[in-house]
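Participant: So the chains spell out like this:
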Amino acid sequence: MISRIYVVSKATDSREKLYLKSWKELGLKGKPSSVTILDSYIIDSQFSKEQLEQVGNLLTHRVLENFSINEIPAKRFNFALEIGFLPGVTDNAGNTAKETILDFFHLPKETDLAVYTSRVFLIKGKLGSSDLEKISQSLHNPLIERSYIATEKEIKKEKTLPQSAPVVILEEKTPVVKVSLNVSDEELINIGKEGIVDPDGMRRGPLALDLESMKVIQKFFAKEGRDPTDIELESLAQTWSEHCKHTIFANPIDEIKDGLYKTYIKGATNLIRKRKGSRDFCVSVFSDNSGAIAFDDHYLITHKVETHNSPSALDPFGGAITGIVGVNRDTVGFGLGAKPVGNVYGFCVGNPHDTRPLYRGKNKQQKMLSTRRIMDGVIRGINVGGNCSGIPTHSGFIKYEDRYRGKPLVFAGTVGIIERKGNGKYLHEKEAQAGDYIVVIGGRVGADGIHGATFSSVTMDSTSPATAVQIGDPITQKKLSDAIVKEARAMDLYTSITDNGAGGISCSVAEMAKECGGAEVDLEKVPLKYLGLRPWEIWISESQERMTLSVPKKKWEVFRRLMESRGVEATIIGEFTNSGRCRVKFNGKKIMDMPMDFLHDGLPVKELRTTFPSRKYVEPKLPAGFARTKVLENLLSELNIGSFAFISEQYDHEVQASSVLKPLSGAGRINTDAQIFRPVHGSKKGAVLSSSLYPFYGDISAYHMSACAIDTAIRNVITAGGSLSTLAILDNFCWCSSNESDRLGELKEAVRACYDYAVGYGTPFISGKDSMFNDFKGYDEKGNPLKISIPPTLLISAIGVMDDVLNAVSPEWKVAGDNIYVLGETHDELGASEYFRMLAKESKNPNAIGNDVPKVDFEKNIKIYSAFEEAVREGIVSSAISVTSGGLATALAKASVGGMLGCNVSLENLHGHASSIDSKLFSESQGRILVSIAPFNMKRFEKIMRRVPVSMIGTVSKDKKFIVTDQKKKVIESNTDKLHKNYHKFSESCG
Amino acid sequence: MKKPNVIVLSGYGLNCEEETKFAFESAGATADIVHINDLIAKPEQLLEYNILAFPGGFSYGDDTGSGKAYANKFKNHLSKELAEFLSRDTLVIGICNGFQILTNLGILPGALAHNKKARYINRWVDLKITGKSPWLKGIKNISLPIAHGEGRYVISESEYRKMKKSGQIAFAYEKGKICKYQNLETNPNGAVHDIAGVLGYNGRVLGMMPHPERAMFFHQSPIWFRENEEAKRKGKKIDLHKSEGEGLQIFRNAVKYFK
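Chains as they are written, first to last, in this note's numbering: chain A, 1 to 991; chain B, 1 to 259.
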């Protein structure tokens with residue numbers, strides 16, 4: 001029997017005012033005057049009236065709330081709008097409610113009880129159906145949620161909303177189909193592009209296998225003398241996907257026979273490690289779910305940054321939350337399990353003020369979410385994912401650009417810490433043994449996330465599967481993460497562990513099977529969310545919060561009991577073998593049987609060819625005269641320079657009590673370029689994080705784009721007090737149209753720079769990830785077809801280990817009277833700078849971004865950085881901020897805003913070849929650090945800096961006057977309060 | 001002198017248990033982290049403890065309401081033991097989610113609702129001590145971080161007056177050092193009468209939204225860089241690794257209570 005419990009707040013519900021406010025912005029014809037929010041629980045059970053009363057009490061806080069059963073509480077309203085999940089979508093609150101109820105009545109898990117939650121908005125006011133539609137659209141995402149609207153009259157009769165449950169009903173389908181590959185090439189292409197044909201004639205969605213791959217598979221099964229099963233094809237599609245095998249980085253490209261990854265990324269790391277010799281701090285790189293370097297004698301520290309772009313375009317919240325919670329598993333799945341100690345995030349989104357709609361389908365079908373909805377969604381996703389997991393979110397950034405509006409980028413990363421040794425073995429090593437049980441723990445499997453890996457390997461268009469969307473459940477994962485990292489690992493209960501990410505168990509089992517040489521799975525044993533899933537779906541589903549372990553038989557009972565007592569579901573689904581084959585059975589029937597080597601290495605090698613695009617841009621017209629006050633004040637309110645405090649302060653960065661240099665610093669709360677924390681309580685050592693990307697430089701030169709990203713990421717760390725000698729970097733390539741030779745040409749250039757500068761600075765790559773097809777193919781506001789490709793984007797993340805965490809340096813001015821110095825040289829390097837891009841925007845000529853992007857001279861910079869390190873060790877640096885986007889003037893402004901102090905600066909004696917006032921103020925020349933030094937430390941500082949380009953340019957002032965002169969002329973005259981207001985303008989509007 | 005024993009609960013998404021254990025141990029107590037299911041399996045072990053701590057976190061992801069599900073589980077299996085524990089001369093602390101759990105357990109009055117901006121917020125606040133409690137002995141003002149989405153304390157006027165009289169309002173948000181430094185709103189979540197924490201059982205039970213365990217060291221405060229530089233100008237050298245944070249006093253008070 002189905003009943004509904006409605007919970008309503010007695011006290012004022014602060015959410016109600018905010019909803020009314022947000023609805024005002026929807027341009028409604030009518031005016032909603034009030035709204036009441038109800039939490040609705042649909043309960044499918046055998047409970048008596050009395051029992052339901054007890055359930056109501058369980059779900060209600062006596063002080064805050066009241067409840068009513070099968071009756072909407074008597075409130076004055078005109079419309080009821082219900083938002084619930086679509087059938088099969090993870091309903092975390094529903095699961096918790098069910099668990100609470102079973103526990104209260106001491107009922108067994110198997111009890112026939114289902115709970116579905118939804119939110120009901122009782123709205124008062126004169127509203128037409130179009131108004132209600134708008135409100136409903138603003139409250140839900142039709143890909144994962146349902147909405148239902150009823151008038152007061154309709155409800156009066158029944159007293160309640162429809163008493164029906166969103167149950168998944170999957171029609172009976174043939175569990176396994178054989179796929180004949182004795183077909184024409186066209187059909188092979190179709191199978192690869194649109195998927196296997198089901199008995200009902202429908203195609204299943206992309207395998208993302210090209211003709212060459214399909215032919216290899218065709219040949220293989222011809223040799224085997226049989227047709228492949230659907231699960232075999234799906235499995236190959238997963239393991240061979242761009243997403244899993246990174247074919248573009250692996251394949252030979254032009255003269256580079258070993259491919260970009262081996263030659264330039266891994267090549268750089270190997271060379272650096274050799275050169276460092278005994279000072280090599282890399283321990284486990286590129287081989288595991290994260291990369292690890294030495295932290296101290298007892299610990300390793302790991303880092304991994306993921307991209308989660310494709311799902312985020314369809315469901316920003318779900319995409320971002322599964323992104324962060326997913327990369328947490330890359331930490332728990334490192335070695336025998338590292339403990340997550342820090343999250344990082346990054347967003348590249350369209351301009352939030354851009355209201356032009358986009359459609360995935362013809363005739364304005366399948367409307368995309370607005371850029372603003374996407375921005376809010378991804379921000380909220382990291383909020384819920386990170387905060388619920390109890391992992392501090394230290395670092396992050398957000399970039400805005402039109403070309404991200406079709407395909408936003410979401411970066412999510414996690415730093416972990418792990419003891420070097422335990423139970424007499426190295427904890428970064430693992431090896432599944434033949435004979436071990438294959439055990440999956442955590443969440444159950446549903447249709448969610450099917451074809452995620454193959455989907456993210458292709459351009460997004462109307463055929464993109466909605467099931468690629470997943471909903472995260474941070475608490476299910478928190479429980480398993482704690483159980484593994486804090487207990488099971490110490491008890492030595494398993495021999496190997498890995499994450500279930502892209503490709504689900506099809507990838508995790510196949511990966512671990514490499515360690516012992518085979519696996520045999522009984523697919524019917526995999527715990528499911530609901531019945532009706534076909535074997536191939538179970539095999540590749542990307543349902544979240546699951547990990548796969550190899551558990552020795554004799555340890556299973558202890559392992560099982562531990563997991564049970566921690567509320568973690570653990571199931572044996574098969575056994576690891578040394579048969580050399582990956583076998584899958586379903587109810588005893590063999591449905592997959594392939595040799596490991598074909599599964600992993602059968603993928604055909606493809607020769608890639610590139611062309612080198614050279615582009616010429618217009619030089620913008622510079623303002624006359626010397627006055628640049630307005631320019632600076634406007635720059636500070638540019639989206640890509642202004643504060644994003646509203647994001648930093650909604651992410652818990654102080655849980656685990658490790659924070660030293662926070663995301664926001666100083667009286668004026670500026671966003672820091674590097675963050676420092678202390679992952680081990682009581683240890684003097686610390687970790688410092690930063691990141692950098694210059695996608696706009698890429699329009700001019702992909703090579704210098706990556707050179708600058710590497711220099712800035714490194715410099716941010718040095719500036720905050722880190723050291724070049726214990727610094728590692730990570731690469732995340734997000735490219736577009738990677739089947740076009742021009743794009744591949746840019747990629748080759750960018751990766752070549754990675755090698756040159758990583759080797760130059762001696763900073764090894766320890767982990768990386770790429771996402772190669774970030775293109776949107778759809779239709780614009782008029783229904784005309786269009787393709788939007790992201791600007792090729794390289795994110796460089798840096799992680800450094802600090803011997804004494806309290807050498808930390810923060811970016812804001814500290815004390816009036818301090819002297820201000822610039823380290824490094826300033827040149828005419830304004831190409832694609834924030835300043836030129838602002839001028840281009842104003843002159844409505846997007847091509848007028850100039851051509852002189854900054855170039856990095858690592859030999860000069862290394863001298864500067866090591867001298868600066870010495871000054872930091874001496875403890876004489878009062879503040880330091882690295883000069884990046886917006887140039888020297890912007891750095892001065894941020895330091896002033898941070899300290900809520902003024903400064904008086906003159907630019908006569910800058911080092912370098914800056915020939916105009918614009919270059920001096922706004923050029924983005926790399927390698928520069930802006931420093932403030934107490935007068936009594938001047939001599940020591942200048943002595944340390946005697947061999948590097950350093951200029952004393954002014955002093956910090958108590959009055960909040962912000963004054964910059966050149967050749968005795970005032971070029972900027974502003975004040976810190978004004979700058980503060982502009983810097984925080986957009987962030988404030990989002991608060 | 002014997003160290004008091006502290007039990008710090010964990011499980012189902014609580015996540016501040018390790019730093020809370022660290023805080024009690026730094027203050028001179030012995031602290032164990034115990035998973036709620038292990039306590040349910042052996043409830044009698046509660047007898048060995050002097051202090052019961054519900055740390056911060058996100059138990060059950062705030063599903064069905066912050067602290068509700070965890071409190072239901074606790075009540076359902078451990079009410080007898082809890083009553084026994086409170087009947088002894090013991091101390092209880094609930095921090096953030098722990099505070100939300102205590103109000104759901106009904107051993108502290110009032111409740112915690114969505115912040116007025118209905119958004120999670122992490123920042124520092126200044127507190128004025130207004131209550132009588134062993135936890136708060138000798139403290140007048142204190143600055144600590146908050147990190148919560150549901151921290152707006154709600155209580156009826158009549159109850160509030162009773163509590164005020166009996167010294168049950170532990171602290172109120174005030175415009176102090178940090179708010180002045182960063183020009184922040186005094187009351188971050190809209191709590192009635194600026195209430196940040198309350199007391200029960202003659203001050204033995206403390207529930208608070210701010211996180212004292214995240215203010216154990218000088219370098220955790222957002223103002224430390226400035227204060228450190230200003231000290232240098234005065235020719236003073238602060239030993240950063242030795243200088244403690246304001247939060248430690250609360251845990252010390254708890255330990256002293258048993259000496």
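These are computed hints drawn from the structure, not numbers from a lab. We treat Cβ as the ideally placed atom computed from N, Cα and C, and that holds for glycine. Treat the hints with caution; some may be incorrect.
[Unchecked claim] In silico BS3-like pairs for lysine-lysine, Cα to Cα no more than 30 Å straight-line:
1) A:Lys262 with A:Lys860
2) A:Lys684 with B:Lys256
3) A:Lys75 with B:Lys237
4) A:Lys685 with B:Lys237
5) A:Lys961 with B:Lys177
6) A:Lys685 with B:Lys236
7) B:Lys128 with B:Lys42
8) A:Lys981 with B:Lys180
9) A:Lys590 with A:Lys554
10) A:Lys684 with B:Lys117
11) B:Lys177 with A:Lys981
[Said to hold, decoys possible] Just a sample of chain A residues kept apart from chain B, beta carbon distances all over 12 Å, derived:
12) Gly27
13) Asn57
14) Leu143
15) Arg146
16) Lys364
17) Glu564
18) Ser565
19) Asp780
20) Lys841
21) Ala848
22) Gly912
23) Arg946
24) Asn975
Participant: Does each hint hold? Answer for all of them.
Facilitator: Tested hints:
Only pairs whose Cα atoms come within 30 Å are accepted, and lysine 262 of chain A paired with lysine 860 of chain A is accepted, the gap being roughly 28 Å. At most 30 Å may separate the alpha-carbon atoms for a hinted pair to count; lysine 684 of chain A and lysine 256 of chain B meet this at roughly 28 Å. Taking the CA atoms of lysine 75 of chain A and lysine 237 of chain B, the gap is about 64 Å. The hint is violated against a cut of 30 Å. At most 30 Å may separate the alpha-carbon atoms for a hinted pair to count; lysine 685 of chain A and lysine 237 of chain B meet this at roughly 20 Å.
Proposed proximity of lysine 961 of chain A and lysine 177 of chain B is supported: the alpha carbons are some 24 Å apart, at most 30 Å. Note on lysine 685 of chain A and lysine 236 of chain B: the hinted pairing holds, with a Cα-Cα distance of about 24 Å set against a maximum of 30 Å. Taking the CA atoms of lysine 128 of chain B and lysine 42 of chain B, the gap is about 40 Å. The hint is violated against a cut of 30 Å. Proximity of lysine 981 of chain A to lysine 180 of chain B is assessed by CA-CA distance (about 17 Å); at most 30 Å being required, the pair is judged to hold.
Only pairs whose Cα atoms come within 30 Å are accepted, and lysine 590 of chain A paired with lysine 554 of chain A is accepted, the gap being roughly 27 Å. Between lysine 684 of chain A and lysine 117 of chain B the alpha-carbon distance is near 38 Å, which puts this suggested pair outside the 30 Å criterion. Under the criterion of a C-alpha separation no larger than 30 Å, the hint pairing lysine 177 of chain B with lysine 981 of chain A is consistent with the structure, at around 22 Å. Every CB of chain B lies more than 12 Å from the CB of glycine 27 of chain A, the least distance being 23 Å, so the non-interface label holds.
With a minimum CB-CB distance of about 9 Å to chain B, asparagine 57 of chain A fails to clear the 12 Å threshold, and the non-interface call is violated. No beta-carbon of chain B is positioned within 12 Å of the beta-carbon of leucine 143 of chain A; the least distance is around 22 Å. With a closest Cβ-Cβ approach of about 19 Å to chain B, arginine 146 of chain A is found to remain outside the 12 Å limit, as its non-interface label requires. Distance check for lysine 364 of chain A against chain B: the nearest CB is about 33 Å away, which clears 12 Å, and the non-interface claim stands.
A Cβ of chain B approaches the Cβ of glutamate 564 of chain A within 12 Å, the least distance being about 9 Å, so the stated non-interface status is violated. At roughly 5 Å from the closest C-beta of chain B, the C-beta of serine 565 of chain A falls inside 12 Å, breaking its exclusion from the interface. Even its closest Cβ contact with chain B, about 33 Å, leaves aspartate 780 of chain A beyond 12 Å, as expected for a residue assigned away from the interface. Consistency note on lysine 841 of chain A: stated as away from chain B, and its beta-carbon is indeed over 12 Å from all of that chain's, at 31 Å minimum.
Residue placement check: alanine 848 of chain A keeps its beta carbon more than 12 Å from all beta carbons of chain B (closest about 39 Å). At roughly 29 Å, the least C-beta separation between glycine 912 of chain A and chain B is larger than 12 Å, which holds for a residue marked as non-interface. Under the 12 Å C-beta cut-off, the non-interface status given to arginine 946 of chain A relative to chain B holds; the minimum distance is some 23 Å. With a least CB separation of 16 Å from chain B, asparagine 975 of chain A remains clear of the 12 Å interface cut-off, as annotated.
Hint compliance for this structure: hints 3, 7, 10, 13, 17, 18 are not met, and every other hint is.
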